[in-house]
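*Asks:* Here is how the chains run, residue by residue.
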Amino acid sequence: MNIPLNYSLVSSNPDLAEHPGMRTLSLLVRFALGGVFLIAAIGKLNSLTTFAGEIANYGILPESWSAVAAVSIAWSEMVIAVLLYAGAAVRGAALLSGALLVTFLIAIISAMARGLEIGCGCFAGSDQTVGWPKVIEDVALLAGSIFLVYFPRSWAMVGDLWGREEDRAR
Amino acid sequence: MNDPHQTQWREPGAPASPTAVEQARVPSPWGVAFHEARLLVLFVALIATTYMIFAVDAPNLAYKRRVPGGDTTKVETPQGAVVDSPLVSLPPDTPVVVNPADTLPKVDTVGSATLAAAADSARRANDKRYRDSVEKARRVQSTIDSTARALEVSATQSRLEKLFVDNAEINTETAKKIFDMKQLGAIWLDARPEHEFDEGHIPGARNFYAEQWRSRIPELLPLSREKIVVYCGGGECTLSHELAEGLRAIGFKRVVVYTGGTAEWSAKKYPLVK
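Sequence lines, in order, name chains A and B.
Counting in my numbering, the first sequence runs from 1 upward without gaps.
Counting in my numbering, the second sequence runs from 171 upward without gaps.
Be aware that one or more of the hints could be misleading.
[Stated by the list, open to error] No farther apart than 30 Å at their CA atoms in a straight line, the calculated lysine-lysine pairs in the DSBU-like style are these: (1) A:Lys134 / B:Lys444; (2) B:Lys444 / B:Lys397; (3) B:Lys423 / A:Lys134.
Derived by calculation from the structure, the hints in this document are not laboratory data.
Quantities reported herein were computed from a predicted structural model and do not represent experimental measurements.
Make the full structure from the sequences, and use the hints.
*Replies:* Written out as structure tokens, the structure is:
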């Protein structure tokens with residue numbers, strides 16, 4: 001069987017993204033991912049100094065950059081959460097969340113490789129340390145982000161208010 | 171007949187795939203995602219920068235330090251550290267030293283003896299007011315100093331408490347700070363055999379040989395909520411790590427390992443008792 005060079009799951013099944021089941025799944029993934037980032041962002045914004053200390057514990061960035069990194073990550077998570085819940089710029093928010101998760105994975109694996117037993121800094125008030133459960137959790141969230149890049153269309157999207165068609169998967 | 175929309179992988183009855191031309195026009199999902207993400211990154215950078223500049227509770231940076239509630243002044247603590255301290259204004263009833271001449275009665279209406287007595291009285295009153303104002307200023311300065319010391323101690327205590335939450339490994343300098351800061355309430359456990367413990371141990375430490383900790387779990391469990399510092403001989407000795415692992419396995423959440431052990435402790439001439 002000949003497979004064309006421009007084959008992709010989405011473009012050769014344009015109706016797949018519009019299938020009600022797929023839209024429902026996309027909605028669930030959106031809300032789940034948005035919820036995780038919302039809770040993380042609120043906790044971090046309430047205790048930025050502690051979060052900056054947790055970033056410094058990883059020993060990857062210079063200490064003077066910890067504060068900037070803390071503020072940037074916390075607000076990124078908040079923006080991602082708001083966009084996912086609103087259903088606006090879903091692909092961009094999913095890509096940004098994927099980039100953050102990849103960064104977290106690199107930091108956690110680096111800390112594990114160096115034998116550091118430090119708090120992961122994922123959620124404020126949590127004493128979860130770096131380890132394989134955290135890696136698996138982040139990989140699952142990353143899979144959700146990649147899914148949303150391919151299937152951003154779901155119900156209850158802000159773009160539907162003015163009939164935006166740019167996100168329609170072809 | 172050839173159907174221009176029919177491709178060789180299409181099953182009969184299946185919907186038509188987009189043609190190559192149509193497919194070339196449609197942006198890929200990742201292309202759209204990158205485009206949107208670029209704008210989001212700019213947006214987040216703007217929010218973060220605004221927050222760092224204007225938020226009072228933004229994390230401290232080396233070049234920016236704010237004290238909520240007002241202006242600050244640099245104060246040097248007795249230990250030589252320079253900290254910010256709120257400006258303190260003197261109470262409104264602080265006496266002001268006045269020129270004695272202002273209190274003297276008019277010369278042309280009073281005799282010289284009365285003048286001398288009045289001048290003497292004014293001078294004594296002045297001296298008293300001066301001493302009182304100096305004393306008040308000294309008390310204010312003392313308040314500033316003690317506030318600065320308390321802030322410094324509080325910051326140090328927070329940093330040390332965080333080490334316990336993170337179950338960190340600590341060096342000799344940090345161990346000494348924890349040892350000196352009695353208000354932390356840390357409990358020291360010596361993981362070496364009893365005969366080594368008897369030869370010399372850190373004051374206040376309790377001996378729990380790492381090879382036998384399991385048999386003493388009933389003694390350890392009451393300490394599960396405390397801050398624990400575990401040490402052994404230092405160097406190649408791994409007993410402290412073994413004991414710490416065991417404590418964490420039975421639910422201890424605040425255990426730090428002092429890796430330097432008695433070797434580095436005694437090298438620094440810190441106290442050991444038999």
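*Asks:* Run every hint past the structure and note whether it holds.
*Replies:* Taking the hints in turn, this is what the structure says about them:
no., hint, result
1, A:Lys134 / B:Lys444, "45 Å, violated"
2, B:Lys444 / B:Lys397, "24 Å, holds"
3, B:Lys423 / A:Lys134, "18 Å, holds"
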